[in-house]
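Asker: So the protein lines, in turn, are chains A and B. Position 233, counted from 1, in the first sequence is what our numbering calls 233; the numbers after and before it change by one each time, with no gaps. Position 472, counted from 1, in the second sequence is what our numbering calls 472; the numbers after and before it change by one each time, with no gaps.
The hints are simulated quantities; they were obtained by calculation from the structure and are not laboratory data. Treat the hints with care, since some could be wrong.
A pair holds if it fits inside one copy or across any two, identical chains being indistinguishable in the list.
[Unchecked claim] When the alpha-carbon atoms are kept at most 20 Å apart in a straight line, the in silico EDC-like pairs for lysine to aspartate or glutamate are as follows:
#: 1; residue 1: Lys572; residue 2: Glu299
#: 2; residue 1: Lys410; residue 2: Glu260
#: 3; residue 1: Lys264; residue 2: Glu91
#: 4; residue 1: Lys269; residue 2: Asp295
#: 5; residue 1: Lys264; residue 2: Asp295
#: 6; residue 1: Lys376; residue 2: Glu260
#: 7; residue 1: Lys376; residue 2: Glu347
#: 8; residue 1: Lys269; residue 2: Asp160
#: 9; residue 1: Lys376; residue 2: Glu465
#: 10; residue 1: Lys373; residue 2: Glu91
#: 11; residue 1: Lys264; residue 2: Asp320
#: 12; residue 1: Lys264; residue 2: Glu299
#: 13; residue 1: Lys373; residue 2: Glu299
#: 14; residue 1: Lys410; residue 2: Glu501
#: 15; residue 1: Lys522; residue 2: Asp423
#: 16; residue 1: Lys508; residue 2: Glu109
#: 17; residue 1: Lys522; residue 2: Glu383
#: 18; residue 1: Lys374; residue 2: Glu304
2 protein chains.
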Amino acid sequence: MGTKLYKNGYPVLGYWGKQLGWHRRPDLPNSKQPSIETIVQTPRLEVQRLGFAPSSRYEVLGPAFAYLDLFVTEGRLRASIDFGFKTEVCELELGSQMRLYPNSHLCIEPISNTAQMFVARVAEFETRTELNPSRFYQDLNTDWSLISSPATMNLSALSDLASSVIANSIDSLSPKFMNQLYSGVIPHAIIADNIRSQTKTTLAIQEASPVFSQIEVALTEAICQLIGWSCGTSDGISVPGGTFGNFMALHCARIRKWPEGKSKGFFGKPARIYVSSEAHYSFKKGALALGFGIDNIVEIATDEHGKMIVSQLAATIANDKRSGFVPLLVGATAGTTVQGAFDPLEEIARLCQSEGIWFHVDAAWGCPALFSKKLKHLVVGIEAADSVTFDAHKFFASSLTATLFLTKHKSLLLEANDVAGGDYLFHNNTPESDRGRLTWQCGRGPDLLAFWLLWKHLGLQGLSEVVDHFLVIQQECVKWIQTQQRLKLMHQPEYLNLCVEVLHPQMKTDNEWSAKVRRVLKAKNQAFVNYSTNSEGVTFLRLILVHPHISVQNILDILNDALSVTVDDVNKNSLAAT
Amino acid sequence: MGTKLYKNGYPVLGYWGKQLGWHRRPDLPNSKQPSIETIVQTPRLEVQRLGFAPSSRYEVLGPAFAYLDLFVTEGRLRASIDFGFKTEVCELELGSQMRLYPNSHLCIEPISNTAQMFVARVAEFETRTELNPSRFYQDLNTDWSLISSPATMNLSALSDLASSVIANSIDSLSPKFMNQLYSGVIPHAIIADNIRSQTKTTLAIQEASPVFSQIEVALTEAICQLIGWSCGTSDGISVPGGTFGNFMALHCARIRKWPEGKSKGFFGKPARIYVSSEAHYSFKKGALALGFGIDNIVEIATDEHGKMIVSQLAATIANDKRSGFVPLLVGATAGTTVQGAFDPLEEIARLCQSEGIWFHVDAAWGCPALFSKKLKHLVVGIEAADSVTFDAHKFFASSLTATLFLTKHKSLLLEANDVAGGDYLFHNNTPESDRGRLTWQCGRGPDLLAFWLLWKHLGLQGLSEVVDHFLVIQQECVKWIQTQQRLKLMHQPEYLNLCVEVLHPQMKTDNEWSAKVRRVLKAKNQAFVNYSTNSEGVTFLRLILVHPHISVQNILDILNDALSVTVDDVNKNSLAAT
Chain A
1 MGTKLYKNGY PVLGYWGKQL GWHRRPDLPN SKQPSIETIV QTPRLEVQRL
51 GFAPSSRYEV LGPAFAYLDL FVTEGRLRAS IDFGFKTEVC ELELGSQMRL
101 YPNSHLCIEP ISNTAQMFVA RVAEFETRTE LNPSRFYQDL NTDWSLISSP
151 ATMNLSALSD LASSVIANSI DSLSPKFMNQ LYSGVIPHAI IADNIRSQTK
201 TTLAIQEASP VFSQIEVALT EAICQLIGWS CGTSDGISVP GGTFGNFMAL
251 HCARIRKWPE GKSKGFFGKP ARIYVSSEAH YSFKKGALAL GFGIDNIVEI
301 ATDEHGKMIV SQLAATIAND KRSGFVPLLV GATAGTTVQG AFDPLEEIAR
351 LCQSEGIWFH VDAAWGCPAL FSKKLKHLVV GIEAADSVTF DAHKFFASSL
401 TATLFLTKHK SLLLEANDVA GGDYLFHNNT PESDRGRLTW QCGRGPDLLA
451 FWLLWKHLGL QGLSEVVDHF LVIQQECVKW IQTQQRLKLM HQPEYLNLCV
501 EVLHPQMKTD NEWSAKVRRV LKAKNQAFVN YSTNSEGVTF LRLILVHPHI
551 SVQNILDILN DALSVTVDDV NKNSLAAT
Chain B
1 MGTKLYKNGY PVLGYWGKQL GWHRRPDLPN SKQPSIETIV QTPRLEVQRL
51 GFAPSSRYEV LGPAFAYLDL FVTEGRLRAS IDFGFKTEVC ELELGSQMRL
101 YPNSHLCIEP ISNTAQMFVA RVAEFETRTE LNPSRFYQDL NTDWSLISSP
151 ATMNLSALSD LASSVIANSI DSLSPKFMNQ LYSGVIPHAI IADNIRSQTK
201 TTLAIQEASP VFSQIEVALT EAICQLIGWS CGTSDGISVP GGTFGNFMAL
251 HCARIRKWPE GKSKGFFGKP ARIYVSSEAH YSFKKGALAL GFGIDNIVEI
301 ATDEHGKMIV SQLAATIAND KRSGFVPLLV GATAGTTVQG AFDPLEEIAR
351 LCQSEGIWFH VDAAWGCPAL FSKKLKHLVV GIEAADSVTF DAHKFFASSL
401 TATLFLTKHK SLLLEANDVA GGDYLFHNNT PESDRGRLTW QCGRGPDLLA
451 FWLLWKHLGL QGLSEVVDHF LVIQQECVKW IQTQQRLKLM HQPEYLNLCV
501 EVLHPQMKTD NEWSAKVRRV LKAKNQAFVN YSTNSEGVTF LRLILVHPHI
551 SVQNILDILN DALSVTVDDV NKNSLAAT
């Protein structure tokens, strides 16, 4: 079997997205290298035939943006596929085909005297190797509008158009994209999205989605168990994004407090909701949409680690009660957006319990802590929560969106969400089987399929190892950052966010320097990272460890590039931007 | 060029999903038929090589559930691809590859002396040819749960599992699936979903989605123009399903009425919302979620055509005002779920205007009427609407969900939805470019890509012809139904819903007979259609014309099967169900 050169991160060959294709083995003499014969090459299409000598071993990198189809046309081959998270070995017989998904990597060797493969890939999908969105604005050839576009288009033009969409989109499959709390996808997501298109259905009724309804229940049960709730009394439902997870928490809390509001409305109920000042803005959107009013979201200050100060929470609640407000819900955050901080769940739980307040945990970003023994301490107390938001499109690299809202009050989802008037649709005698009754959406796809496949593939232990692996990367990055005079960690990370201020090359005071560096990195197509500003107005880069194949080297590359940014670069960049 | 035998509907060869593969030409003698040599066949894999004589012409049906990859390994071929909506012709050179998506159809002929193709398809994706969900319950081999599942799984087992997911899912790509207001997908949806997975992004910020943000704007502008609004003053945003389109209407109407509620909440605002008794239940969900209370959704009676009676609406509003309620919004329906009825938009518009009430049109199902000259009269008055819900996953066969919420009050989306606290994310100086500020969701994928591709492909005129084509099918079906003694049209359809009561074989009075027939059709795997019950308790089948390749014959087949159901069938079926 071929040596595995490509592990999580690929330090030897760098960023694979730019190195698509067959690679020569550096450890073999020229005479033993493969001969790659390109049979034909058109702008959109590339078909190759590859012959193997008996002793050859080759590595092929998976396509970044398309399937790579391999057909064995002579002899037999042994293949080792690296999923990043896991490696699989299989034998390929004459005539067999293998489909290699993006983000997977293959090492092949012949096991018969001669062997030959036929390789086909749609080259049109592979032009997107840049991070720079500025290219988009220079793309004068593509007309995105519909009003001014020609009446009709042939297949070839349509195909070019699809290519333009990809070519001009941001390369979020690169490990150097980390502007959002997602980066890259697992192959399972590509497969799941394909299954999704081809089994088009809604999870509203069991009749239309017998499998997906069960998968939703299976994932719900498994995660509830991780949280520490018992299966019989808890439930969950997929919602379109973490924002709606937090909306549903507000909704359930309100209905539970005032069940009559379901029919009568909530007029005259001045409820208050408490979150930390580092919480996600979706709580405000929820207060706005559900009619609480944004002013009734009360932001509690955080300590130097970005965690909610519980004594201040207690004091605020007491004060609000005296003023006639009804404290309805505390929304704790497990893994804040910028710092990756975990609120003290146990203390908050105790307070909520004694006050009779709904305790919600927004674990959209921090949910991997449920899987890892090394991180479990961060979410101690979550078992006391009334509800939890869980995202699989962030750390677990599913397609957007893949969110579960979970609650330990099983019957509440039906009580809070079932309405009359769906008789044309809901014919089932056991209403909870028709899971559309448990939520707002009617049409609802199998968002969680990719994560379910990943869990089936790796098992709980495997998922736990993945999280632990990322912690090792974090620790090594921190160690290196601390050796750098011009890099300043904004806080000691307990999770996967690295907040780093880049100091001015001449060590001048410039609070905006990191923001400037960020823009140069992006303009130079070196990295697409986000920045934030602390309470003193100091900007800093926020690097996140989330891409399934990220390596320490990727982070070091980004930070080294950040350190190399000069005053001149910044000036040129601001000129270009104007 | 080969004769096109396979048009929209395939009357000659029937339901293509079951007839995957190469087909012999009935008009050629045996000596001229192709020789199909199966090189190798494994359980999961099938690779074929096909040789062509110079004069041969063959038809190949697109794969139902996977890509079909065709490689020209000798000579040149001419191909004609039938997309159902449109036919394209192209030449395939030696070495070129063609990817055939589900729901597309190919006719090929050689244009050199000899020609050969290499065909590969992943057979595992092609087991799902049944409609019968009962098979699912007999599937004792698949363990869907995660808690009891083994710790880990190899690739082959994972692949089997993915196959099981498909095999046990409902065959919604069959034109005989019409239980929901969707059926089938356009190839553009498969392509779009693939692009979506591989350009994983959120439309929250322009930086992360330069192309998709523009596509959203392009579609919004084009549809606003169809509605009759001017581009500069209207706007729209994709939301996760028609339900959320209706939610957003309630939200915008409320914020516009009471702008201070954004920060203060809506306590003490007893608002009322008016919809017809045939409106979608999502309005009730909206009243529940947004805190209006379900009782404040007032259902207005409909006439014999299923249309809201405007005089009753006016009387109810006047009465509510006297009682101290604030009439906030009228939600008219363009295309009701069961009957496909269109409320009288012009009259409702006039009333709303004189009363100062927000006028919303739920056109989730009826939006194709905007495209067709023949149906445009049904939506006259929509130009006076304050907002519209538009679904592309119903008639236009995109993947679920693909919804646009549109409003003619351009600045309102930002006013109603922008909150502070997203500073880590929204760095843009022109807030409306970061489209996450205009809505609730943070993570939000390019739901509308498939419909945008379809529009680009066919043009406005092409989309119009598609809708007209479906009207012809409707008229032919109606004509046939009227010749049948035991079929009773519940109403003369003006749109694409066919509501048909099947009378008892012995013409006995049995209001439940159609519901029983529906269950037998499903159990026998003949069709998966929905039924409903009218105000007299009479059940009837609801057939919908929505599958991109549906034919008159498909409908006739279903109804003939329905007529063939015997009392014995019904008895056996209820025994089996117990």
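Asker: Now tell me, hint by hint, if it's right for this structure.
Answerer: Here is what the structure says about each hint:
Taking identical chains as interchangeable, the C-alpha atoms of Lys572 and Glu299 are never at most 20 Å apart, the minima being 40 Å within one chain and 63 Å between chains. Proximity of Lys410 and Glu260 under a CA criterion of 20 Å is satisfied intra-copy only: 19 Å inside one chain copy versus 36 Å between copies. Taking CA atoms no more than 20 Å apart as the test, Lys264 paired with Glu91 passes in neither setting, with 65 Å inside one copy and 66 Å between copies. For the homomeric pair Lys269 and Asp295, the shortest alpha-carbon distances inside one copy (14 Å) and between copies (17 Å) are both at most 20 Å.
In this assembly of identical chains, the alpha carbons of Lys264 and Asp295 lie at most 20 Å apart only when taken from different copies (6 Å versus 23 Å within one copy). For a Cα distance limit of 20 Å, the shortest separation of Lys376 from Glu260 qualifies neither inside one copy, at 39 Å, nor across copies, at 43 Å. Proximity of Lys376 to Glu347 under the C-alpha cut-off of 20 Å is restricted to the intra-copy arrangement: shortest distance 16 Å within a copy versus 61 Å between copies. Within a single copy, Lys269 and Asp160 get their C-alpha atoms no closer than 56 Å, and across copies no closer than 53 Å, so neither meets the 20 Å cut-off.
Taking the closest pair of Cα atoms, Lys376 and Glu465 come within 20 Å of each other only inside a single copy of the chain (13 Å); across copies the shortest separation is 59 Å, beyond that limit. When the C-alpha separation of Lys373 and Glu91 is checked against a cutoff of 20 Å, the pair qualifies neither within a copy, at 36 Å, nor between copies, at 59 Å. Taking the shortest Cα distances, Lys264 and Asp320 sit within 20 Å of each other only across copies (15 Å), while inside one copy they are farther apart (25 Å). In this homomeric assembly, Lys264 and Glu299 come within 20 Å of each other (Cα to Cα) only across copies, at 15 Å, whereas the closest approach inside a single copy is 29 Å.
Taking the shortest alpha-carbon separations for Lys373 and Glu299, neither the intra-copy value of 31 Å nor the inter-copy value of 54 Å comes in at or below 20 Å. Proximity of Lys410 to Glu501 under the C-alpha cut-off of 20 Å is found in neither arrangement, the shortest distances being 45 Å within a copy and 39 Å between copies. Taking the closest pair of Cα atoms, Lys522 and Asp423 come within 20 Å of each other only across two copies (19 Å); inside a single copy the shortest separation is 53 Å, beyond that limit. Taking the shortest Cα distances, Lys508 and Glu109 never come within 20 Å of each other, neither inside one copy (56 Å) nor across copies (73 Å).
Taking CA atoms no more than 20 Å apart as the test, Lys522 paired with Glu383 passes in neither setting, with 41 Å inside one copy and 43 Å between copies. Within a single copy, Lys374 and Glu304 get their C-alpha atoms no closer than 22 Å, and across copies no closer than 66 Å, so neither meets the 20 Å cut-off.
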